[in-house]
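Participant: Model the placement of chain B on the given structure of chain A, informed by the hints.
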Amino acid sequence: MSTNRSTPIHSAAEAPYYRAVGNEVEVFRAAARRGLPVLLKGPTGCGKTRFVEAMAHELGRDLITVSGHEDLTSADLVGRFLLKGGDTTWVDGPLTRAVRQGAICYLDEIVEARQDTTVVIHPLADHRRELPVDRLGTSLKAAPGFQLVISYNPGYQSVLKNLKESTRQRFVSIELDFHPADIETEVVAHEARVDLETAQALVKVGEAIRNLEGSPLPEVASTRTLISAGELAAEGLSLRAAIQSAVVQTLSDDPDVVRALGELVDAFVPRS
Amino acid sequence: MTATDSGSPDRFRLLATCVAGRPLGVAEARAGEAPHTDGRLVFVSADRPASEQRREVLLQAALLGAGSLDRRWVRPLRGRPKVARRYLALEGHRVFAELAARIPLAAAVGPNEEATTASADESLAVARSRRTVADPPGWFGAIRPSRLLGAPDGGPAARANDDDLRLRFDPTDIPETPDAGDAEHGEESKILELFANPLASNIFSDFFNKLLGNSRSPGDGAAGGGMPARSMRRVDSVGPNARPLPVPVRVTSDTPGAAVGVGGALYPEWDVHKNRYRPEHCRVIEFPLRDAPDVAAAGVVRDEVLRRRLVRLGLGPKVVRRQPDGDDLDIEALTDLFVDLQAGYSPPEHIYLERRKLDRNLGVLILLDASGSTTEIDPEGLSVHEHQRRAAATLAITLEELGDRVAVYGFRSHGRQAVHLLALKRFAQRFGAGGRARLNQLRPDGYTRLGAGIRHAGEILKDDAGTPNRLLLVLSDGFPYDDGYEARYAEADAHKALEELRADGVACLCLSIGATTPIDALHRVFGSASHANAPTLADLSPRMDELFFAALDELAAPRRRGSRAARTRASSG
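Which chain is which? The protein sequence lines are A and B, in order. For the first sequence, the positions run 19 to 290 when this note's numbering is used. For the second sequence, the positions run -3 to 569 when this note's numbering is used.
Next comes chain A alone, as it looks inside the complex (with noise of 0.2 Å):
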């Protein structure tokens, strides 16, 4: 029951590393500047995050992030009251604070959260831009500047955790997916600090696994394994035992299927 599971992200100054592929920056910040709320569709592990905190960042304003999960109640969003000796206190919860602040709010996986829970942002996503908070009798106007940002990951989930349509309808959809080659390269070198041939080659395992015929992986190598695989290089690991551990190891438990995308992994991998 801790309403701390938000956490403000940008004091810092340095800006957090994103590189445009498609329209995406046109489309967020024309949406910012309309306070539309933006719905976020990709594959696990491709920039969506990043993306976010990069846009709050640009625009200036503050993050606010909360992880959707099964038991996440409204009251996890909007706030609570909690006991402070016989007295009570109300205490906001993320959704409010950045109604009140005027700050992004970026709820991930929002679908692994209870469909009622994701109903309280109705009134928000919509022209009223007020949050009804019950508990308080009162209903609270958003400050300019709040904007509301879901993500969602399009892969196996059920009907049962599917976003309502008319959930789904309030917002503006943008569509990320793995960079391509040549700016994944980047990407990784960057984010892993390693030189550009290393990069290269992970680029290339990535790409061979995602580009596999007839898969028997449920999930292909994500930018983000790509890069944990650069920095267990950067540290002084092999190429080859980097990747078995962040990308092989990760991506199956089947045996037969590690030491099978074992072997192509070893291919691309130049030998030093």
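It should be emphasised that the hints constitute simulated quantities derived from the structure, not laboratory data. There's no promise every hint is true.
Taking lysine to aspartate or glutamate and the EDC-like style, the derived pairs with C-alpha atoms no more than 16 Å apart in a straight line are [stated by the list, open to error]:
#: 1; chain 1: B; residue 1: Lys314; chain 2: A; residue 2: Glu88
#: 2; chain 1: A; residue 1: Lys182; chain 2: A; residue 2: Asp144
#: 3; chain 1: B; residue 1: Lys78; chain 2: B; residue 2: Asp131
#: 4; chain 1: B; residue 1: Lys458; chain 2: B; residue 2: Glu496
#: 5; chain 1: B; residue 1: Lys314; chain 2: A; residue 2: Asp89
#: 6; chain 1: B; residue 1: Lys314; chain 2: B; residue 2: Asp355
#: 7; chain 1: A; residue 1: Lys102; chain 2: B; residue 2: Glu496
#: 8; chain 1: A; residue 1: Lys182; chain 2: A; residue 2: Glu127
#: 9; chain 1: A; residue 1: Lys59; chain 2: A; residue 2: Glu204
#: 10; chain 1: A; residue 1: Lys222; chain 2: A; residue 2: Glu204
#: 11; chain 1: A; residue 1: Lys222; chain 2: A; residue 2: Asp284
#: 12; chain 1: A; residue 1: Lys102; chain 2: B; residue 2: Asp336
#: 13; chain 1: A; residue 1: Lys59; chain 2: A; residue 2: Glu130
#: 14; chain 1: B; residue 1: Lys458; chain 2: B; residue 2: Asp500
#: 15; chain 1: A; residue 1: Lys182; chain 2: B; residue 2: Glu397
Facilitator: Relative to the frame of chain A, chain B by itself:
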């Protein structure tokens, strides 16, 4: 179950797939045979070190990936081993040089020779000319035009026809792929027509069917063509598509199931006459349907009644919080209530926990009879197969939407050595448009060795479902028939297989939809499990929850005994 050990070349399959850009398996060639490929499998030389096999795989896959082994290049090589060798040497160096730019491994193990030609076209021209071409190194292997041309055209993108869907062990045994599509309907049997009455039930023709020991297909494509010669001859003239099928299918090459990249498993069969099992009697081969389907045909009939019924299916206890009434106090809710009261707010007093049977945790494997015996047509022009296929799609969609783990497999057999399980949707896959279209386009073929199919499906369910509640849903007309697998013997084996599964804790439910099999026959086959039959799925939908419950409930029985103490405490507290 699968015959893969750590040293098996199977582990190169992802590498080969990646290089060739299409799914490829890797298997060992016969001893002394040079490495080659048939377009689906790369055969590497046996008993060579792994490093050697690796580069053999690399080269063969690269040749396929670069299109050097396309039909138009390979056809001129047929029957001209010398030209083929020269072509291989030229193309091998060319594709390897190209590959080396992409893949560091290729550069490390390659021949590192300059390519002398720039395209397959040029290589072929040079190979046919009198220019001297150095002999290729041994690991380049050989090009086998007969095998390559025997393989279906166009790789995975091509539409599969009957022949693709059936597993072939030795392509040279079977004539070139016939034209698909026009083999839809053979001549109707003139004799059977006399007894078939579209309005009344066709018990009479059924009787004749059985009397004559015939599979019940009214002459549809391969199913009819595959009839053993001892049964009756039903055509007045042999059509252009008629072809004899070897019955039973014998494994003629030494690369059985495992070589197809998917493994084969042996299962026993129950011999009711001798009252004993025949050990390792059936070989079940599981393989995915990989052809790219026509996605436009991915429509599935939805059944709201079915969905509403199946929603009710709760199998395990689940804690429901904040209830107005219940077994226990919900401390969290109680604290909240207290805080709210202190703050001067009076919320409803929902402070109890309740344990209700809501948790599903159900894994369902739908086993669809895809054999030729289901081609019988009903008055509306829908075959039994059509009915069952639709039912399978509707059930799979409904269950998936409800959050259950679902897999869909089709099965058919060609004798005891070739029982095929076609993976239409595995547990880990999503039932997307591709999977649905593949199911919609599944064509019946072959025979029904029900027992082996059920046994293997049970194994898949036990291994992959990953849920405590497992249900095998068999959609079949309840008419097991195969070579040496008939009447009482077949019925007893299927019966036994279901019984085994239930003993292993897998629930079984058998639905016979649109079939005219008499009730007592169904009972003989499916008697040991819950079973039901109806003309359409919609007729069963209103009581589907009862059927599921009946199948799953009997399995809960032994568990209940084991944890009686816990349960009584839960219900009284």
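Participant: Hints first: check each against the structure and report whether it holds.
Facilitator: For each hint, the structure was consulted:
no.: 1; hint: B:Lys314 - A:Glu88; in the structure: 14 Å, holds
no.: 2; hint: A:Lys182 - A:Asp144; in the structure: 15 Å, holds
no.: 3; hint: B:Lys78 - B:Asp131; in the structure: 10 Å, holds
no.: 4; hint: B:Lys458 - B:Glu496; in the structure: 13 Å, holds
no.: 5; hint: B:Lys314 - A:Asp89; in the structure: 14 Å, holds
no.: 6; hint: B:Lys314 - B:Asp355; in the structure: 5 Å, holds
no.: 7; hint: A:Lys102 - B:Glu496; in the structure: 62 Å, violated
no.: 8; hint: A:Lys182 - A:Glu127; in the structure: 14 Å, holds
no.: 9; hint: A:Lys59 - A:Glu204; in the structure: 23 Å, violated
no.: 10; hint: A:Lys222 - A:Glu204; in the structure: 13 Å, holds
no.: 11; hint: A:Lys222 - A:Asp284; in the structure: 11 Å, holds
no.: 12; hint: A:Lys102 - B:Asp336; in the structure: 13 Å, holds
no.: 13; hint: A:Lys59 - A:Glu130; in the structure: 14 Å, holds
no.: 14; hint: B:Lys458 - B:Asp500; in the structure: 9 Å, holds
no.: 15; hint: A:Lys182 - B:Glu397; in the structure: 14 Å, holds
The earlier numbered hints that this structure contradicts are 7 and 9.
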